[in-house]
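So the protein sequences, as listed, match chains A and B.
The numbers in our numbering rise by one with no breaks, and the one at position 75 of the first sequence is 738.
The numbers in our numbering rise by one with no breaks, and the one at position 239 of the second sequence is 1336.
Any given hint might turn out to be false.
[Said to hold, decoys possible] Facing chain B, from chain A, some residues (calculated, C-beta under 8 Å):
1) 696
2) 700
3) 704
4) 720
5) 721
6) 723
7) 727
8) 750
[Stated by the list, open to error] Ranges between beta-carbon positions, derived for each pair:
9) B:1100 <-> A:776: 52 to 60 Å
10) A:711 <-> B:1143: 39 to 47 Å
11) B:1172 <-> A:777: 35 to 43 Å
12) B:1100 <-> A:780: 33 to 41 Å
13) B:1173 <-> A:716: 22 to 30 Å
14) B:1172 <-> A:742: 44 to 52 Å
15) A:714 <-> B:1146: 19 to 27 Å
Just so you know, these hints were derived from the structure itself, not from any lab.
Note that CB positions come from ideal geometry on N, CA and C, so glycine has one too.
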Amino acid sequence: MSRTLSKRRDRSPAEFLPLSTADFHIMLAIADGERHGYAIMQDVRQTTGGTIRLGPGTLYRCIQALLSENLIEESPRRPADDEDQRRRYYRLSSLGRRVIGAEARRLAEAVDLAKVKRVLRRVPA
Amino acid sequence: MNRALTVGNRIYEFLLFAYPRQFRREYGPEMASVFAENCSETYQSSGVSGVFAAWYAAVQDLFVSICAEHVSQFSAVLKWDWCVLSGTPAFAAACGALFSILFFDARIILAGGFTDPPRTQVLSFAIASLNLAFLWAASVVALHVKCSARVARCFGDPVFPERVRAFRHLASIALFLSLCPTLKAVLANSNIFSSLRPLPGFEHWMIGSLTLFTVLLGFFHLEPLLTPRNRFRVSIHVHKNERSATRK
């Protein structure tokens, strides 16, 4: 129902920023290809070094919100015969790809600023 | 251990019933699948202690996400109700009557209600609750009664039942809010039966009658005002199409 209340119009990527941490990592997990829920969960855990652990409830609430915002979409791919048939695969939409690019740029600018202000020092090799 | 994992998965599937129905239907099977895979893989890598840790995390996650999902669905429904009811003057009037009762409740609670004798308090709360119950019942009946030609014409309009449903939803929330102080006042009063006798003054009853009159006026006698505006009709159709597309 929430999706029906939001006005359907073309929104620019900047309007979605900043993304929440969970949303950003979920989108990042499917940036290089479609994945099912458990694979997304695993990917987020691995790429963040276990800092962010998404439970099924949080994961699917985020997926629901991202689907309603049209940032991700369900892939037509279906699980193989030896896989769990309840799986569904998700991938980035074209809008989602632009949004995650904009978010990554925003974060990169924040990192640059941290370097300028000497908050972030280069780790010696 | 496989049997224990299967039982654990069944328990998790059972716990998923705490989610709102729409969310559970959409994502419940996938969530159960993710949980089962997680438990199975954790057991292979970390043994029984890992499974317990997974369960602990899952219960925390369930509690937080169930509460969050209910709150977000509730607020979305409220927004939708408000959007539906604010479409026409007649429904806005009915909605206004509903809120006037809520203000009546608030006045009793905040300004002198508790300084009145206990019998007056109980009676005031009971009357306010009764009025809300009338409103709620009127909206339920309006959804089911189709015998009158006038009502049938209204129901031919796809927006009208949506409005009545929205009104019923708001009325049930108000009824719940009103019943809580009523029960509190009843429990606080030592002599419940004597408190239910009517008071000499009729001001409380007048408020109830006026409210009912306003609602009936809005539902049946101001029918031209119930005719939706074009833009509103379009938005309702869009909403319905989206809902059916989502189900598919």
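*So which hints don't hold here, by number, going up?*
Numbers 1, 10, 12 and 14 - these are the hints that the structure violates, sorted from lowest upward.
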